[in-house]
Each structure stands twice: as structure tokens, then as C-alpha cells.
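Number of protein chains: 4
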Amino acid sequence: MVIIMQPGAGDAEVHGVVERIQSYGMDAHISRGKERTIIGLIGDEREIDFDSIAALPGVERAIPILKPYKFVSRNVHPADTIIDVGGVKIGRELAFMAGPCSVEEEDTTLRIAQAVKDAGAQFFRGGAFKPRTSVWSFQGLREKGLEILSKVRAATGMPIVTEIMDASDIAIVGEHTDIYQVGMRNMRNYTLLVELGKVRKPVLLKRGDSSNLEEWLAAADYIVRGGNESVILCERGIRTFENYTRNTLDLNAVCGAKNECCLPVFVDPSHGTGRSEMVLPMSKAAIACGADGLLLEVHVDPKKAWSDGKQTITPEALKELIVQCRRMRQAT
Amino acid sequence: MVIIMQPGAGDAEVHGVVERIQSYGMDAHISRGKERTIIGLIGDEREIDFDSIAALPGVERAIPILKPYKFVSRNVHPADTIIDVGGVKIGRELAFMAGPCSVEEEDTTLRIAQAVKDAGAQFFRGGAFKPRTSVWSFQGLREKGLEILSKVRAATGMPIVTEIMDASDIAIVGEHTDIYQVGMRNMRNYTLLVELGKVRKPVLLKRGDSSNLEEWLAAADYIVRGGNESVILCERGIRTFENYTRNTLDLNAVCGAKNECCLPVFVDPSHGTGRSEMVLPMSKAAIACGADGLLLEVHVDPKKAWSDGKQTITPEALKELIVQCRRMRQAT
Amino acid sequence: MVIIMQPGAGDAEVHGVVERIQSYGMDAHISRGKERTIIGLIGDEREIDFDSIAALPGVERAIPILKPYKFVSRNVHPADTIIDVGGVKIGRELAFMAGPCSVEEEDTTLRIAQAVKDAGAQFFRGGAFKPRTSVWSFQGLREKGLEILSKVRAATGMPIVTEIMDASDIAIVGEHTDIYQVGMRNMRNYTLLVELGKVRKPVLLKRGDSSNLEEWLAAADYIVRGGNESVILCERGIRTFENYTRNTLDLNAVCGAKNECCLPVFVDPSHGTGRSEMVLPMSKAAIACGADGLLLEVHVDPKKAWSDGKQTITPEALKELIVQCRRMRQAT
Amino acid sequence: MVIIMQPGAGDAEVHGVVERIQSYGMDAHISRGKERTIIGLIGDEREIDFDSIAALPGVERAIPILKPYKFVSRNVHPADTIIDVGGVKIGRELAFMAGPCSVEEEDTTLRIAQAVKDAGAQFFRGGAFKPRTSVWSFQGLREKGLEILSKVRAATGMPIVTEIMDASDIAIVGEHTDIYQVGMRNMRNYTLLVELGKVRKPVLLKRGDSSNLEEWLAAADYIVRGGNESVILCERGIRTFENYTRNTLDLNAVCGAKNECCLPVFVDPSHGTGRSEMVLPMSKAAIACGADGLLLEVHVDPKKAWSDGKQTITPEALKELIVQCRRMRQAT
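Residue numbers (our numbering), protein chains in the order written: chain R, 11 to 342; chain P, 11 to 342; chain U, 11 to 342; chain S, 11 to 342.
Rather than coming from a laboratory, the hints here were simulated on the basis of the structure.
These numbers come from a predicted model, not from an experiment.
Ideal Cβ placement from N, Cα and C applies to all residues, glycine included.
Certain hints may be false.
[As the list claims (entries may be wrong)] Below, simulated SDA-like cross-link-like pairs (lysine to any residue); rule was C-alpha separation at most 25 Å, straight line:
hint : chain 1 : residue 1 : chain 2 : residue 2
1    : R       : K211      : R       : R235
2    : R       : K314      : P       : D21
3    : U       : K77       : R       : Q16
4    : P       : K329      : P       : S286
[As the list claims (entries may be wrong)] A few chain S residues that face chain P, going by a derived Cβ cut-off under 10 Å, partial list only:
hint : residue
5    : T47
6    : I48
7    : I52
Looking at chain R on its own, in the form it has when it is part of the complex (with noise of 0.2 Å):
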């Protein structure tokens, strides 16, 4: 941490700092300048409360220059972690999961899990729980959901990915799928996070929507600081004033992960544009600068999906899409 001292401060507030300091058992640096004094904090700064320093009387500005992360990050891992799931090594191959956005009826399911499949996904994604902005909006098939989703896996042999929406719900999705998801509005569900730290099954973590950087990072740090090492990033798009598309996709964030921290990186066209004619392009630009992955929604029938519809791409496109992604990969 560096604390920039206000223009006027004089010894007594200094000295308050480097008190301050000093009673966490860290070290203070002290700078004297013509016009302001800055104080630079020894130490592992994430485990002292940033505001009881910048609140101190003379105290301009305190920036931290600790990142709120630790065991996720370049730094102290700086090797990619590879995840194996079912043959397939995440991180080091490029991977499709692809499916409906919401579990559907047994025999539509069925084929929409082998088209996937056929298509050349490795991985077969769908909703069971389902969190809609509206109470009065369909809630997904819940347990029943679930079922499907193993009569899928025994069906195709494809691993589950399907979002989990609540610590009390780990053991019972846990029974049906390879990987939870971990969807936006939870990134910051922290205690889902810490439970989720004591699993043994990876988990897949979209990017809050207005969650920054740092702030996606942190949330990884959760699951993994509790032993659960097996942590997938995904951008699906942020919050801002555009609104041609449903978020705004933000391929920055995915370099920006890559070069920070050790994990794989999926991205989520889907959600990422809501347009289905913009799902192939912008799929290439995620393998172009660095995505390991993809996550998509597909359906036999889009416009009969029981949700995002406008977003979801048919087998056929899909099949397409790998191929093409696949000759991206190769030339980067």
C-alpha cells in the first residue's frame, strides 16, 4: 500500500500512520517531498482493512498495490492448470460446451445432445436451475432437470456442465454433473463460493456483469484458497450503455485473465452478443486472443427454445463454428 499524505500534513499525521502500521506488525517507508510526504506499507497488506488507513486524520489517498488475489495468480503459479475432464484436458486443448439454454422435455434434450455431440462439442451444457430476473418467468425443470442431464451423459457418454444456484444444492446437482457452473449473478455469492472450495469437481465461474478484473480473480481465489484447484474462468459480457447487443462482450478481460492468473478461460458468446448471426464471429475472436474455450447455447429448433432463443444456434452452425474455431486455434 502506498498512503499519499495531504499537502499540509504535518508530523503528528505521519507519525499516526506509521503508528497505524506499525501495530499490524509491517513496516512503514517514509518519503518527504517538497509539497506531500508518501508512506509506502511493508507487508502483506490484503489482510489489514484498507479504509482503517485511508480514514487516518492527513491521509489524502491509500493505494493498494496487492492484487485481492493470491493462489490463482501468474506469481505464485505460474503454470497453466490443466483440468481433465473426461479425457478431455482443459487448458491445453481447445474445448466446446454446447447444449440448450434450459434443460428441455427427455426426448428433445436427448437430441439436442447428440446433435452437440455429432457436431464435435465435448461437453454438454443445459440449465436445470434456472435464476430469471421474474418470479412470474419459467424456473427451469429443477431435480427433474437434473435427471436428464445423467440420462444425457449415460446416453452420449458427454460430461454435464449445469449451473448450481446455492450451497444447499451441491450435493444433489453434484450427483448429475461433471462440472458446476457458477453463473454471473453468484460470482459474488461467497459463501456458494466456499463450499464449492471443498468439492472435488471443477467449476466453471462466469464473470459477474459488473464485476471487474481483480474482482473475478478474487472470486477464484475463493473456490481455490479452499482446495478446490480445478477453477474455469468465463466472460459472458458485462453491464454498459450498449444495448444492439445483450452485454458487451469484453475480450480484453480474457487476455487480461490469461496474463494474470493460471486458470483456463472460456468464453460465452451467447450471452456475450444475445444475436445468434454474432455468435461465429465473436467466437473466433475469443480463440483468436487466447480463449480456451467455448460455451454455447444450441438447440435442434431455436425458435422453439424454452428460453434465449434469439441467442441460440442450430447443430448445423455449431458444427461450423468448431470447425472454424478449430482453424483459428491453428493459426495463432
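Given chain R's structure and the hints, the job is docking chains P, U and S onto it.
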């Protein structure tokens, strides 16, 4: 819902949309213009998936007309909801909830409580469970903090407001609190909202930092639909590009919420600004545009507060603030 | 400026930074910590390029300390700037500028002017040059509109506020206006700001819809540095994800501007909300948190206004608004 | 335009809307539903004021259907606009515009120019007029800088791209540049856009940092309507809450612009990221999703650049970038 067809859409496409609308048991009204056809859906569009229509062939845009909430709407519930807690009629008389960000050691917490009571606050607030961006930060005193809150109530008679982070904590938190506070990170934790709909204690629902007015009211609808009508809304700032303040306090939303829905609306100027010197003027502004109460961070020694010291005011400042806000209310 | 070196930065990198600082004739203070070295630059960092240091080898971050403005800062100019226009002391007494969005036909405009004067407004506002998103929209009456404004002044004695869109129009607009208004789209039109620094008429400078507080004050510094100290700031809402209102009125910024700089600060609740029913409560909130005046869209028949009818109030509503705002001011 | 009436609106209100529509010489289609009446306006709504209808009694919402632009729309102009500058067919073949942020002393500038030409760039970019947030920052070499640009063209044969900040500089800048660059701060400087519509040189129009896709295309329409069809769009990042990067590069907008309009679309990954290490991956992503070219900050010694050093790459890095982008283009 209004469905705007693409310029070139023909009879087959229009027919497809009408058929889909009728399959939901609703009616369609067709307007054929020179350039485009517009179709109006008549019925409760909240129960059907928006995208299932937006994705149909020939559709350019589908525009929702009904709000994603119902029970909290002024249309359905024109009268102000008044919530009586410990004799204070929230929604009718001005209410002040004050205390430290985090519950601290028993003696400090009791001293703060007595001081805010003397200053004129009717409710004591303090966090035992603290949602923190970094797993390395102080996470609250948890159960021990809850017990201290009960002692505060016993000693001062003040009703308690404290944060609930997870549905599984409803019972334990309920033993010690009079009002459940849902923090901004949990506004979209629908499992929690559904469970809070089943209790018979008021809920203070903070607005998510990237949630718009409609989504905020829709979150309140989750609780009210469950049977718990005692919801207090609380604006606490949204996330924007501005970084002079911790958040951008959106007082427009206070006005909007008062117009659109029946619930009392509070403001948290501490988080809404992040700067103690701005708490007084923004409190007055909140009251001036119609807020029913304030949630304030107060500490006997802000620079020693365990968290959020920079935005915390003293009991003396609180006393003056309450005097000025009451004067402001009278002038309104 | 504070320069934070990367963890592994060695003597050569530190030396490189120091050398660069000294090449600007400034001093460097070095703090060596256990993990990192921190270098403080002592001198007026505003005159050197920030990035020329941030890009040096071994530098992790360079953090500015000085603000990008000087003359309008409270540090340099502690006293409030008071601007006398037609006998009204802006910055000391509450001022109301009211009128239609666009200047309309002469008789309508004169009727509006007389009505807002009767309602208690001291200034008449109306746009002759209209910046419009679409080239297909009405662009204002232009020169003809300016002449109508002069007639309003002659008929009512009210000083005029009207928008200037380009530096080349300063002379012609100056013949008809008492205060130049710089719209939000032009806050960063530095050519215009520099030229307005040379005139001797007040400038009302609206905040850009994506400009933060520092950038807004830095824009004012362009004008003041040129010798024109009569700048009035005007907050009119920023662009966020919220679409219930036309913009998000940022009253925090009013407070912040009053604290950081010496200039009068106005609020435009018409554009700040885009909804006529919110103009009164948000006007009161603006006054409650310290605004020095208001800019308001008023029309004798809002639904016939040539532009912005939805956010326009009637003269009767204006009269009531002025009464309530004056009462609010007294209570503050 | 679609006008949605309030639930309680009666015949008088509906009649009022219809009358207003007819007063513009347009037609109204009425749809009466169980709860609401919906009115469709048939005609070119761009020419009437939106609010004049939204403000009528009984109207809940008025929703625009037509876009605020016409000439640049794919509907009106389905074919790609191809712009030939110095033999390079912009919009058909990949184009690279590279050079320093600011034009520097003659010898440095010439060295950079030769180096970017050798690396494969076809255009030289460099700013002589620099819009700067702070009046205390370096404002560019201005006329002297323009002359250096002419020398670059003479020495290397490369066409020049340089920024125009004000309509009054069109002639002088035109003597030295082949393409006028309109910076993001001037995207809404309509006086400048109108004047650029009268020249016969291409304009590179950067997107404003708070402008959405529609507004950007509407700005282009200002130029094209004036008769200058040679407009190149350039996405350079928007302003969001994320501060890891200087801006949030919105590649969705590249895709959207290519779908909705006929103009070539460029990307500026230097400003779009603000970090030199991200320029290569984001350049590849831009090409992958369909960008027609790149605008890049390049300097022979980035750490000595007069401005923007942190986001500047070397000619060697540029060479590699061009190779990889061409490979990416082929794979697309």
C-alpha cells in the same frame, strides 16, 4: 408485447408469429403498415419466454410492455406499504438506521449503539456476516457478532438490522435480527429471496450495483409473492465509470421506485459516496427527493473502524444529520 | 507521481526511472521495501507525459497525485467564484434558468419567456443551434433563433443562455446571448474551450455524459486559464446501464465539484431524468446537496414542444418548483 | 414508431395521438387490446420529434422503429463501400495504419515512418493536433507537426492519417493529410462532421467512448449525407467500470457495424487496451471477427514516446503482428 416484423416479412412469417401467440392461449392484433407489420400480443406476457417469439423468422424486435413485477407495482397495490417495526412506522415517518459497518468487540459495539440512539437513530445496523471481495479480508465475527447484536437490543431497546448472506442462515440470523438486510451482491440470489418470502420479518433489499430499476423491483416481487409483504428497498449506488466516489448514488432511482411501486425506499449514502464528508449533503438530497429513511455507517472512532472507515461518520455528525434531515423533510 | 516498480525490478530499472525523472528537472525519492521499490516524483507532473514513465522497463504502475486542473482548484482558489449577470449573483443566490429546449416561433417563444419570468426564473434559456444525434432531426432555427432570443431579452429584460456549438460561432452567438452554454457533447471540444477562454462572458459548461469529475474540472481549467474566470458548471446526468431515466443524474458530482473547485455548480434535472414528473423532486434534491441553480426545460404547452416534450414542465409547475426550492434552500 | 397507450387511456387520448400523427402527414394504425391500445405510426419518423408524441396525454411509451441513420445503412446501401487510398482498397484488403501517437521531431518521425513501412504498414498515422484532457499537457506540434507529416509522405510515399480537431482547420490539415481522423471526443462535433461531408477526402471516424452503435452510425450519416461517402469507422474502446484496461474494446460493435452498415470498420487496439502486451492478441481478435484494418501506435523507442508510451509497440512487434493478422485473415 409488441412484435415488429422485418421490412420484408411476408404472410407466412406473420402467420407463424400469430400461431405461436395463440399456442400460449393469447390473442394477436395485426397492424399492417406501408413498410412493416406490427403485431400486438394481448395477455400476460410475463409467463411466456420473450425470446421464443423474438427468435421467430421475420421478427425484427419484440418489445415487452408489461413490467417483470406485479405485486409491488402501484397498479396492483396503489397504497404505500407501511411497516411497523418496534413502533416506528417505516414508510410513514422518517427512519434512521445507524451503526458500524462490521459488528466489533462487545464494548465498542455497545458504545456505538448507545451513541447512535442518543443521536436520534431508531434502528441499529451492523454486519456479522460480511461479504468481502477478497477471501483474505476480514469476514465478520459471524455467530459471535449475532450474539453481540442481541446484547445491543437488550441494552438499548433498538431493533436490529443485519445482513443475511445465505438462505441456510435465515434461522440463526432471525434469532438476533428484527430486519434482514440483503446486500447488493445478493439482490439476484433468488434462492435467498424465495426463502425470505416465507418468513414474517421485514427485509431491507439493497439494489444490485448493476441492476436497473425494473430488476430491483422484480427482486422485491420474489419476496412479496412468497407472502412476505414487508420489503424495504435501499438504494446504495451503482457502478459507473466515475471513480471519485465509491459508487454513483442514483437518486433518480429513489424517485422512480416511489412512483412505480408501493414499498418504502431508503438510501445508504455511506456506500453511495464512500466519502464521509459527502454523507450529510447526500442524506439531505435523499430526503428531499422522497426517501423514507437512511442507512448510515457510524462509529465512535471512524479511523479505528474495522471496515469502511473512510465513509463512516461520528455520532456527533449523525446527530446534526438527523436534525437537518428532519428539517428538510418538513420543508418538502 | 508515485511509481511502483515490479517485484523483480533491479537497480538498473530503478536507475532508469530516476534518470528520466531528473531529465525533466525534477527530483526522485526512492523507498526500497522487502518486495518492491517505490519511487516518488517531486515536481509538477502535469507538464510531463504520464506514459513516458509508465512505459519504462521495470515499472508496474505510475499513479498520478496532482489533479489535471489547477486554476479552478480550491487549493489555488479557495473562495467561491461569484458571477454577476444582470444583477443576479450566481454562486451566492439561487438562480433559475428556464425556457424551451429549442427556440420556437417568435410568438410562442415570447409567451414562454414571459411565463417563466412570471414564475420567478431570472434567466431565459433556449437553443438556436441544436446538436442532434441524427442528421435527419430538426437542427434548430439557428441565426433566426438567435434573433428571437434578442427579442426576448428586449421584451422581458431577462439575460439569455444559449448553446454554442462551434468556435466559429462565438461572435454571432455573442451578439445575442449573455451566457454561452457548452453542451455535453462539446465538453471535450478543446478548440471551443480555448476560444471561450478569450471572451469576457460567462460560460455554462455542461458535464460530458462519460466524463468524470476530474475531466470536467480540467475542461473548466481550459477556459479559466485563457483568462475567462466566469465559468458555471452544470451536471446533467451521465450515461449508465439504467434506462428508466434518460440519464443518471449524478448528484454526488455536485457535492464533489463544490468541494474540489471554486465555481458555481448548476443542475439540469430535465436532461438528468428525461421525465417531467421527476423534475420537481430531483430539483429539490439538487438544491439540498448544494447546487447553486437549475437549468430547466419549460414550455407553455409541453406536448407541443418542438423537442424534449417528455421532460418539459409547464410555467405553473415551474412556479411551484421555485417556491419549493427556495424553501429547501432556506432549510439547508 | 409504435405508441403504447397507458392502461386507462380512453378514446380522447387515442384520438389526440392519431391527430398529431396525421398533422405530420403520416398514417396511424390502431390496435385495441384487452388492457391497452397500441398505435403504429407509418411514415419516416426520423423527421418528426420523438418527444412531441411521447409527451401526449395517455401515452406510456413511444418506441422508435427506424434507425437514426439512413445512407450508411445496409438496407439503403447493401454493397460494401470500398475506399481506394494510394492504391490500397480499404474495405477489401487488410490495411494497417501505424505510427506514433504524437508527431515528434522530424528525424525521429522519419525513422518511425520508415520502420513501420518496412514492417508492412501501408499508412502512416501521427497526431499534430492533440486533444488533451488537461490544458497543462503537451498539445501537439500543430502546424509544425503537419509539415513533418508532409515530409514523411514525400520520403516514404505512405499516405498520411492525422487528426482534425476543428472545422476551421480542415483546409490546413487537408494540405498535409490523405485521411482525416475524427477522434472519439469529436464524434459528436456535428459542425465538424457537416464540414467534412463537403470535402472529398476519406474520413476515419472514431467511435465516441459513450456512444452506442446507432449513434456512431448516425454520426457517419452526417458526413455521407453531405456527399462524402468515404467514411471509415474505427472502434477504439468504450468507457466502462473496468479499469484494468484503459478502455473496454467492444468487438461486438465491429460485428454489429459490419452487419448494419456498408462502411469499412477499423479497430484501434492501442487505445482499446492501453497496454502494449495486449495489442497483438486483440489485433488478432479484431481481424477474426471481421475488422477491415487496424490503427496502431508504434514507436522506435516506446519508452521515449512523447505520449501514450505504455500502449505503444515497436516496429519489430508490428512486423510480427502484421504477419499474424494476415494469417488470421486467411483462416477466416
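Quick rundown of the hints versus the structure:
{"no.": "1", "hint": "K211/R - R235/R", "in the structure": "holds (14 Å)"}
{"no.": "2", "hint": "K314/R - D21/P", "in the structure": "holds (20 Å)"}
{"no.": "3", "hint": "K77/U - Q16/R", "in the structure": "holds (13 Å)"}
{"no.": "4", "hint": "K329/P - S286/P", "in the structure": "holds (14 Å)"}
{"no.": "5", "hint": "T47", "in the structure": "holds (9 Å)"}
{"no.": "6", "hint": "I48", "in the structure": "holds (5 Å)"}
{"no.": "7", "hint": "I52", "in the structure": "holds (4 Å)"}
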